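With these hints in hand, go ahead and build the complete structure from the sequences.
Chains A and B, in that order, are what the protein sequence lines are.
Going by my numbering, the first sequence runs without a break in its numbering and finishes at 339.
Going by my numbering, the second sequence runs without a break in its numbering and finishes at 511.
Rather than coming from a laboratory, the hints here were simulated on the basis of the structure.
Values in this document were obtained by computation on a predicted structure and should not be read as measured data.
There are no misleading hints in this set.
Partial pick of chain B residues on the chain A-facing surface, computed with a CB cut under 8 Å:
id : residue
1  : Pro329
2  : Pro341
3  : Gln346
4  : Gly348
5  : Gln353
6  : Leu361
7  : Pro362
8  : Val372
9  : Val374
We put the CB at the ideal spot given by N, CA and C, even for glycine.
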Amino acid sequence: MDAVGEQRNAEAQLEPERKGKSGWSAIEFFNRYGTGIFLVLVCAFFMAQNPHFLSLRNIANILTDVSIYGVIAVGMTFVIITAGVDLAVGATLAFASMFAAWLISKAGVSIGPPWFTALLASVAVGAAVGYIHGKATTFFNVPAFITTLGGMTIWRGASMLINDGGPISGFDEGLRWWGTGAILGVPVPVVVFILVAAGGYIIQRYTRFGRQIYAIGGNVEAARLTGLNVKAVETSVYMIVGLLSGLAGFLLMARLNSAEAVAGLNYELRVIASVVIGGASLAGGVGGVGGTIIGALLIGVLSNGLVMMGVNAYYQQIVIGVIIVLAVAFDTYAKKHGR
Amino acid sequence: MLLAARNIQKSFPGVKALDGVHMNVRPGEVHALLGENGAGKSTLLKILAGAQAADGGDLMLDGAVLDPADSPLQRQEAGVVTIYQEFNLLPEMSVAENMFLGREPTRHGLINWREMYQRAQAILDDLGLKLDPRKPVRSLSVAEQQMVEIAKAMTFEAKLIIMDEPTAALSDREVDVLYRIVRNLRARGVSIIYVTHRLVEVIELCDRFTVLRDGQFVAEGKVAGKKVADLVKMMVGRDVEFVRCTASRQRGDLVLRVENVSRDGTATDPHATVLRNISVEVYAGEVLGFAGLVGAGRTELARIIFGADRSDEGVIWLGGGRMQLLRSPSEGIDNGIALVPEDRKQQGCFLDQSISQNMTLPSLKNLARWGVFVNETAERELVEKYRKALRIKMPSHLTPIGKLSGGNQQKVLLARCMALSPKVLIVDEPTRGIDIGAKAEVHQVLTDMAKSGVAVIVISSELPEIMAVSDRIAVFREGSITGVVSGDSADEETLMRLMAIGENADLTVVA
Chain A
1 MDAVGEQRNA EAQLEPERKG KSGWSAIEFF NRYGTGIFLV LVCAFFMAQN
51 PHFLSLRNIA NILTDVSIYG VIAVGMTFVI ITAGVDLAVG ATLAFASMFA
101 AWLISKAGVS IGPPWFTALL ASVAVGAAVG YIHGKATTFF NVPAFITTLG
151 GMTIWRGASM LINDGGPISG FDEGLRWWGT GAILGVPVPV VVFILVAAGG
201 YIIQRYTRFG RQIYAIGGNV EAARLTGLNV KAVETSVYMI VGLLSGLAGF
251 LLMARLNSAE AVAGLNYELR VIASVVIGGA SLAGGVGGVG GTIIGALLIG
301 VLSNGLVMMG VNAYYQQIVI GVIIVLAVAF DTYAKKHGR
Chain B
1 MLLAARNIQK SFPGVKALDG VHMNVRPGEV HALLGENGAG KSTLLKILAG
51 AQAADGGDLM LDGAVLDPAD SPLQRQEAGV VTIYQEFNLL PEMSVAENMF
101 LGREPTRHGL INWREMYQRA QAILDDLGLK LDPRKPVRSL SVAEQQMVEI
151 AKAMTFEAKL IIMDEPTAAL SDREVDVLYR IVRNLRARGV SIIYVTHRLV
201 EVIELCDRFT VLRDGQFVAE GKVAGKKVAD LVKMMVGRDV EFVRCTASRQ
251 RGDLVLRVEN VSRDGTATDP HATVLRNISV EVYAGEVLGF AGLVGAGRTE
301 LARIIFGADR SDEGVIWLGG GRMQLLRSPS EGIDNGIALV PEDRKQQGCF
351 LDQSISQNMT LPSLKNLARW GVFVNETAER ELVEKYRKAL RIKMPSHLTP
401 IGKLSGGNQQ KVLLARCMAL SPKVLIVDEP TRGIDIGAKA EVHQVLTDMA
451 KSGVAVIVIS SELPEIMAVS DRIAVFREGS ITGVVSGDSA DEETLMRLMA
501 IGENADLTVV A
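Printed below as a string of structure tokens:
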């Protein structure tokens, strides 16, 4: 059979795709770019409502806010791709930052400048917490939902213990720079977010580890039979999101000049929503850092825009909740019918 | 005529799946629908089931025209019920609940459990099935689950039952039970459309047949007087036989020895096969067949050899020093063993991922720069290499594997294992659900691998296949090896005896 015939025969072996006459599928297009398009439309809407929306200052605010939970969302992307979840990210953030603050302010420990000690400590604590989550999940075969649900209250309680529930405030200039400073006009947290997101994307797209994450999420039994050390990869993924939660905690305490036991409250919602709006499925195997970034931006823009419009804070919650459900509903529909 | 399909047309973008297909099924008839993969069988079945609408042509049931826009439920209520290869059962629910799903008998708006169990029991008794309607489906064997599917069909008072590969996962004894039920249904005037690649069953069970090839109607007729070879010829348009391709193969050194392996998994899984004191030797450059009925312990032993499961006792020797048993698949792979699993959908393929990703996953270590970054050029070359070697039909290496036909998916999984350059390659049911032409191709690949020095273990429930490819055949029965026979001198009768009765008589092991 000649090459053309082989090709046609090859296509005949496939299940047919439903495409319009021009070979362009509306559903597939919106599935891929829909969230991004929606983000642009939302920005346009808010800009029309209040021209200050697009001021440099406001954009910097939005991006800085987004960066804090965005950093965690990058890690959560990997977790969700493996069909897991981490409900304890907010509590991890609080515990890590409280511990770091305690270390430099109350315990007087210093390894180099205070910011370095604090950064090292919060990131290390975050990673340790993530390790515990990962080990507990893989060793006891308890669903991650349950272990991190427990973690949510455990680490929140632990952070309350550190200073009797009270905040630890007043850090030096060097530390505060991480939250309020800027590099070439770009706020430092945003720079950190960009670096983390880039790193996350590289891992996802170009590394063995990235492939392994998708494999586990796609078919965990098949992954095991190809010799993958599923438990090790899963534990790593929880360590990553834990580490990034610690990093977010550091950035937040730098920004607010205060580490609080109630920091990061309800962050898990925003983080998971970012990942899911970005196209990941809680069943695992699908999703990516790029989508997560757009999801995170969408949530940030919505919160900010509604505030600028003077909308009651409670309406905000409703609007954001509705958007999350619609985004996932559309994504599910597109997956079923777009192929 | 119970079912008359005339001039059915169905096109998908770029492909004419059905081009003027006819099919006539009489009442009370077992009718075989034959054709290679890609011939159009599944498309026709989907149209009959109401899952797809034909573009043109007529479908008539009992003289009444069937509306192409019917939903599957409407077709079921009209009396056309389809039993798919992968069952549509809810494992956590009982047999009766599954049978009446969505149509439970109610009284005052609440489910009438008593009536449901009674009616379920009545249907089960009617079919001669010894099943407890209250038992959850997950506690049943695969064969029993299939019976539940048939019982479910009977709750619709089906006139026409379509069975897609009903015996793919059944042992021979269970196939006999299925035959009995099918004949029982036929005697009552129910017609069965029987789709299978096991042509022997067509000769044994079916009354008439319809053959499709490349989306077109080729022939229909009575089964009586036909031989398997005749059917094959109509299906592929050429004479195809399983040729024994073992000539000029030199057996090499001993590479694997299983010594006294035992395993009792019944504590965690009551259906588990108990392995008793199994010992066998495997040599480089040969194909060793594992024959046996379903549940005889072949897959269980293979998984222990590979490291996917643990055994209770016994040792595996793999060259060099004495070995403990392998504790994980990665240890198996590190020791040069590769396994192509039994169920390619559940255990093999990452359906959403590309062919490339599926093929290279375990080999990434060798394809990565600094062990971290995947070298996509090297990856593409590897995929291309195996595409040519195995003649895999795929539009692009980036196509999701879920879109390939079963045969091509199997080839990708084979390539995945071959890329690891294993010393021992174990393939479990390598041609299940694959058409004849692709089967022969896979057999050739396996024998070529043996020729190049690999020790190949082939597990198969199809005797003709095992007899065609194996140098030696180890026969399993209920957790033990009852005999090892030379592939050249084996005949079906001897093998069947060893598989079913376990007579070891004067069969000597080929040294």
